[in-house]
Amino acid sequence: MYRFCLLALLVISAPASAHEYWLSTNTWRCVPGDSVVVRAMVGTGFRGELKPYTPKRVVRFTFEGTRSLDLLPVGVNGESVWARVTPADALGAVVCYESNGTFIELPPAEFDRYLALEGLAAPLAARARLGASAPPGRELYRRSCKAWIRGSDAARITRAYGLPLELVPDVDPCSSTRVGMRVLYEGKPLAGALVRAWRRPASAAESDSIGPSSSARTDASGRVTLSLSGEGRWLVSTVHMVRSPDPKLADWQSTWASLTFRR
Amino acid sequence: MKRLLVLLLLVASPAWAHDAPYSFLNLRFAPGGTTGILTAHVADLAHELPSVAPESLLAPSRASALAPRLFALLASRLAIVGDGDTLRLSFVSAAPDSERNGIAFTFAAAGPPLPSEVSIEARLFPYDPQHETYVNAYVVDSLRNQDLVDARHPRVAFTTGAAPSFWTVVRRFVAAGVHHIFIGPDHILFVIGLLLLGGSLGRLLKIVTGFTVAHSITLALATLGLVTAPARVIEPLIALSIVFIGIDNLRALRRGAGAPDRRAWLAFLFGFVHGFGFASVLREFGLPSQALGVALFAFNVGVEIGQATIVLATAPLIAWVRSASSSAGRRVAFAGSLVVGVAGLFWFAQRTFGL
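Top to bottom, those sequences are chains A and B. Using the numbering used here, the letters of the first sequence correspond one by one to residues 1 to 263. Using the numbering used here, the letters of the second sequence correspond one by one to residues 1 to 355.
Note that these hints are calculated values from the structure, not bench results. All of these numbers come straight from a predicted model, not from anything done at the bench. Note that the Cβ used here is the ideal one computed from N, Cα and C, for glycine as well. Please note: incorrect hints may appear among the correct ones.
Unchecked claim - Here are the simulated DMTMM-like pairs of lysine to aspartate or glutamate, each with C-alpha atoms no more than 25 Å apart in a straight line:
| hint | chain 1 | residue 1 | chain 2 | residue 2 |
| --- | --- | --- | --- | --- |
| 1 | A | Lys248 | A | Asp112 |
| 2 | A | Lys56 | A | Asp251 |
| 3 | A | Lys188 | A | Asp219 |
| 4 | A | Lys56 | B | Asp150 |
| 5 | A | Lys56 | B | Glu121 |
| 6 | A | Lys56 | A | Glu79 |
| 7 | A | Lys56 | A | Glu105 |
| 8 | A | Lys56 | B | Glu99 |
| 9 | B | Lys206 | B | Asp186 |
| 10 | A | Lys248 | B | Asp128 |
| 11 | A | Lys56 | B | Asp141 |
| 12 | A | Lys56 | A | Asp246 |
| 13 | A | Lys188 | A | Asp246 |
| 14 | A | Lys248 | B | Asp150 |
| 15 | A | Lys56 | B | Glu117 |
| 16 | B | Lys206 | B | Glu304 |
| 17 | A | Lys248 | A | Glu110 |
| 18 | A | Lys188 | A | Glu64 |
| 19 | A | Lys56 | B | Asp128 |
| 20 | A | Lys188 | A | Asp170 |
Claimed, not checked - Which chain B residues stay away from chain A? Per the calculated CB distances, all over 12 Å, these:
| hint | residue |
| --- | --- |
| 21 | Pro50 |
| 22 | Ser51 |
| 23 | Ala65 |
| 24 | Phe91 |
| 25 | Glu117 |
| 26 | Glu121 |
| 27 | Val178 |
| 28 | Asp186 |
| 29 | Leu205 |
| 30 | Pro236 |
| 31 | Leu250 |
| 32 | Ile310 |
| 33 | Ser323 |
| 34 | Leu345 |
Given these sequences and hints, build the entire structure.
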């Protein structure tokens, strides 16, 4: 009962800010000659709003197919369509996006609730040690997203693309119901990260809020296995927070990784 | 537990009904004038209008009726400056933008028709610290600048590529010249040091003219790239010139009235060094290649205005003290020269050894 109340309180009183951030495409099959329209969504519970493109935030925006295409100059500031790209083969492609840091400051209690909601145990514990003197949450957050346009070569999704925080499946996530993944932070395995997966059935409206259908923490070697059963669009995400490398800018730096695909 | 989380997320979803607050500003600069379209989300707009439901603003009649009032509010939080002039924004029309869930306000911006330098400052919805405004600036039909403003970075500045007008260059670089003199205590003390011993109007004019001629020469040569001198050499030399003036004044005071007055020559000699210092500042301002000569001239005029202001404020005061009491005049000159010399020494040590 206590856990129920705590969780209810956490979710209902969570900050009215968008957490998850994912790439969305008009097609999830890699077909040579087809136009793949890339957009980004921001929201919670796999229910999001379109996020306009801005080159000001982009560190990396690429289409990894036959070769790596730089999409940064393609988009127009403020447009909801981030890029249109045509695959050259049917082997599959990964759209990669990495943003620079955006600052946010939350009051202490709100920041702690958000840390609890996202399962960020280490920063929460560090703040708990400060007790009532814990300062407001000064945070720089950045995005690290991938979208898998399914093709015949699973190697295109099972390899790492060098994003700061990255979910790297062991197999094509569209082809298996139990999918092992590596979580890499700055290229190294990340232990203890909470990984969650959401499924949006084809019947679900965009405005529906969907709860996570699977979640688990990575083991000591940064591995996690998720149960991904059912058709529809999938969002797998995780977040990692560390002390900010520049305390003048912020106290914390979070990196939000997502992987989207359709089964 | 998972089911519980699903349930709670569903229950809590209305809390995120308007997660992503954005507005969009598209500006078009053309020889015929500047126009713009500002699109704001209905949720943000409704926040400004108590008792108005956000979705009701998507009805064209409702949007049209409230648009002038809303635009006036937004325009008061938006400053577009072209070549130093704030553009006056006037409402033209408004229409719902269903894709962006907002109202698109079309407006005209009266001011310089095709400014060279533009700055935009926007705090459209101060109630929301996360609000972002996407700014696109077109010159005729070419996208010239893409930017983002928010509460932490509310201002953007860019150039349109248009040639700046003569008066724009003059205004900017005269101000830069004056500003540089007044923020640089080394130049101020150098000039004051030259004036401390007093003298006739003709003598003071010689001193000031000598300094002006010399620094104008090196300023022009260095700005045009004909002569170069590294700042790590010039900056300590400027400090040494101040020390030298202080010491020379003290020596002249010790020798008494019969001592030769070398100040005009010293001002001329050290003026060459100070000119290099002015040139490095001028380069930092970003010289307009289309108006290099005008910028150089205007900056020099600004420096002279700053210098003349110091002379006009200091020389009469020194002359008054000297006329009231020659011994008081000597004491003021002695103390002033000491301060000038010590300050110069401090700057020399600071610039040479990084103290």
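Hints, one by one, checked against the model:
no., hint, verdict
1, A:Lys248 x A:Asp112, "holds (21 Å)"
2, A:Lys56 x A:Asp251, "holds (22 Å)"
3, A:Lys188 x A:Asp219, "holds (13 Å)"
4, A:Lys56 x B:Asp150, "holds (12 Å)"
5, A:Lys56 x B:Glu121, "holds (17 Å)"
6, A:Lys56 x A:Glu79, "holds (13 Å)"
7, A:Lys56 x A:Glu105, "holds (20 Å)"
8, A:Lys56 x B:Glu99, "holds (22 Å)"
9, B:Lys206 x B:Asp186, "holds (21 Å)"
10, A:Lys248 x B:Asp128, "holds (23 Å)"
11, A:Lys56 x B:Asp141, "holds (21 Å)"
12, A:Lys56 x A:Asp246, "holds (20 Å)"
13, A:Lys188 x A:Asp246, "holds (21 Å)"
14, A:Lys248 x B:Asp150, "holds (19 Å)"
15, A:Lys56 x B:Glu117, "holds (20 Å)"
16, B:Lys206 x B:Glu304, "holds (14 Å)"
17, A:Lys248 x A:Glu110, "holds (21 Å)"
18, A:Lys188 x A:Glu64, "holds (21 Å)"
19, A:Lys56 x B:Asp128, "holds (20 Å)"
20, A:Lys188 x A:Asp170, "holds (16 Å)"
21, Pro50, "holds (19 Å)"
22, Ser51, "holds (21 Å)"
23, Ala65, "holds (27 Å)"
24, Phe91, "holds (21 Å)"
25, Glu117, "holds (20 Å)"
26, Glu121, "holds (16 Å)"
27, Val178, "holds (33 Å)"
28, Asp186, "holds (30 Å)"
29, Leu205, "holds (51 Å)"
30, Pro236, "holds (31 Å)"
31, Leu250, "holds (46 Å)"
32, Ile310, "holds (38 Å)"
33, Ser323, "holds (55 Å)"
34, Leu345, "holds (34 Å)"
Hint compliance for this structure: no hint is broken.
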